[in-house]
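Peer 1: Take a look at the letters that make up each chain.
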Amino acid sequence: MLRAALAQGTPRTPGFWLRRASIGQGDLHAAVVSAVIMLPQAIAFAVMAGLPPEMGIYTSVLPVIVAAMAGASHRLLSGPNTMVAIMIGTALLPLAAPGSGDYIALAAALTLFAGGFQLALAALGAGKLLMRLPTFVPKALAAGIGLVMIATQLAPATGQLAIPDTTPWLAAWHALLNWRAMNPCAVIVALATVCAAYLVARARVRMSPLVAAFVAGSALAWLMGLLVGAAVADLDRVGNLRLQWDGPSLPPLRWDEWYILKQLAQSALAIAVVGGLQTIVIARALHRDLGEPFQPRQELCAQGVANIVASLTGSFAGSGSFNRTAAHVKAGARTRAAAVLASLILLGLAWAVGPALGKLATPAVSGVIILIGLGMVRSACAGILKERGFARHAALAGVVAALAAGPAFALGLVTVLGLVAVVLGDG
Amino acid sequence: MKQSPRRPVEAVAVLLVVVLGALCLLQGWPRADAQEPGPAYPGDIAALPQNKYGELVRQGYAIFTDTPRFAPRYSGNVLSCTNCHLDAGRRANAAPMSAAWGMYPAYSAKADRVVTLEERIQQCFLFSINGVPPPLDSHEMRALAAYMQWLARGLRVGEPQAGRGFPTVARTGSDPDPFRGKALYAQRCAACHGARGEGVEDAGGRTAVPPLWGFDSYNKGAGMHRTDLLAGFIKANMPLDNPNLSDQDALDIAAWIGMQERGPDPRRGVLSWFYDR
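Chains A and B are the protein sequences, given in the same order. To convert, note that position 193 of the first sequence is 692 in our numbering; the numbers rise steadily by one, no gaps. To convert, note that position 90 of the second sequence is 94 in our numbering; the numbers rise steadily by one, no gaps.
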């Protein structure tokens, strides 16, 4: 498409250069906007997965570049993703303490397996199969994961210690029941973060509501520390980022600990399916709305390669992202260069503001995650309500299952229901 | 129709994976640990079993002796725990960790409530390390708790041990004199801690001698900022391995060090001027 457009006119005609300049300008603008949006999300999702925040930055660079280069769609933006981050956390919490070397090593192994599974699934033609899954499947997953995000972030947002390894509804219940242990400063920061997004969206300022919320929450947390002292405000902080890449390395796979690897493989398959499904759904939407090329097998392959690269470069698994792709396209992206530039700008941005990022308050990050969850729930529920009959009931069942039993169970349930719908001819 | 423009990008992606994989293999298989390689462990710690408990205690020792390197996420200055809790938390009269383990949970006047050991460690990170308190369920906190418990093995819980905490300097009848302390500092302390209290870094960039004031040292909320605690520490432990100062000397030097500029007290904010009379 780009070639055809550029083919019109020779380098001597001004039209040729004007077209290239406008494409480049759109790409540059989209790159800057996407980088700014990606920064808080990268940190938030790494924190949600139980990994050090700098791994979120790494995941937003090289794997995103690889996925953008290898994928069929020009404008699909990958990187750390909500569903995948939650599934990584769920998979690894029973196996190691979050933030420890073991946990990071297991995350790398998990990512490697997920990438491998995605390549295998692509080779087996699962791309076409995932494409045939009825539309209620990704909507139910999105709504369910959105609710899970809100439920699991209530504890950190109110300054409480999260009880590990419980079902999402129980985590929310404990957080609310334990209201006496809430830290008032944390509650204020989290509420301000959420409200700032709505105010910015209402006021129609030309600023991403997520970024505005992030900035507002962080500024308020800093102000509280200044006014009453950091010890009195007692806000949990994300902690210093150590942006120091040690070079590519293989994830340490201990083949004698087969029972761990088996569990990892199961979770990796789920992550591979979820990541692939999301990417294919986004690519299909881009094809439908913007005429982008749509090759589900190639998209799955690209995600697999990106995840393998991620495991070799100290990152964790990602997938195509709904909200970032939407913002990317809206900001004027036209070619793959926008995604590549966005990653590089993000790296520079993280390096520039790195020391300040360490003082970020966790309630502000939780507020951003809750906002993303609210957005996902709203848009997915609107879609679910458009469904009829079996699809609607199956979607609602998936949403309830996510909240009641966790994202992994919901994925299984919704996939089975989707296959049933395909077989019954409802899809 | 669109095959030819796609092939080069796919080829680039595959090539990238192959190159990265080759680089990894050249660097050796497999990567030993996601963490930094550990410090040189003393005999008894190196002799700990190679199981998960032993690993955790070793990591606690690493964090205790080189906090900026092994707990970089929460560290805020160049100090390590062992700069005050001398000998990796083993030396008597330098607040040894073995004596502390059995006495917690305990009432803390600073927090005005009973705190657990982990919460007390959080206070250390906030004040003495001038950093970010690690969450109670973080890996660094577990490692430190495991190391302290290992140090305290065999001792009775709830029984105050000899050499616990810092000793108190007896009343001398004279007030601490910071200006006499200034002269004493230049004679007795500056040789190691620097004329401006800046400490000394070794060849690897790590802290060989800790700074005593400035923004690389503890802040105004730390226990060491109190003249009585610092005087007790100095009297019992300084000069290092040869404590020979008199009570009055210790008080004077402590007063002089306490007068120097350092990071603000995290318990006080701008509004504290108004409500904290």
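Mixed in with the good hints there might be a few duds.
Claimed, not checked - DSS-like cross-link-like pairs, simulated, lysine-lysine; straight-line CA separation at most 25 Å:
no., chain 1, residue 1, chain 2, residue 2
1, B, Lys186, B, Lys224
2, A, Lys858, B, Lys224
3, B, Lys56, A, Lys858
4, A, Lys761, B, Lys56
5, B, Lys224, B, Lys114
It is worth saying that the hints were derived from the structure and are not from the lab.
Peer 1: Would you mind marking each hint as holding or not holding in the structure?
Peer 2: Results of checking the hints against the structure:
1. Taking the CA atoms of Lys186 of chain B and Lys224 of chain B, the gap is near 19 Å; set against the 25 Å cutoff, the hint holds.
2. Restraint check: the Cα-Cα separation between Lys858 of chain A and Lys224 of chain B comes to about 19 Å, which is no more than 25 Å; the hinted pair holds.
3. Between Lys56 of chain B and Lys858 of chain A the alpha-carbon distance is near 31 Å, which puts this suggested pair outside the 25 Å criterion.
4. Annotation: proposed proximity of Lys761 of chain A to Lys56 of chain B holds, straight-line Cα distance about 20 Å (limit 25 Å).
5. Proximity of Lys224 of chain B to Lys114 of chain B is assessed by CA-CA distance (about 13 Å); at most 25 Å being required, the pair is judged to hold.
The structure is inconsistent with hint 3 alone, although it conforms to all the rest.
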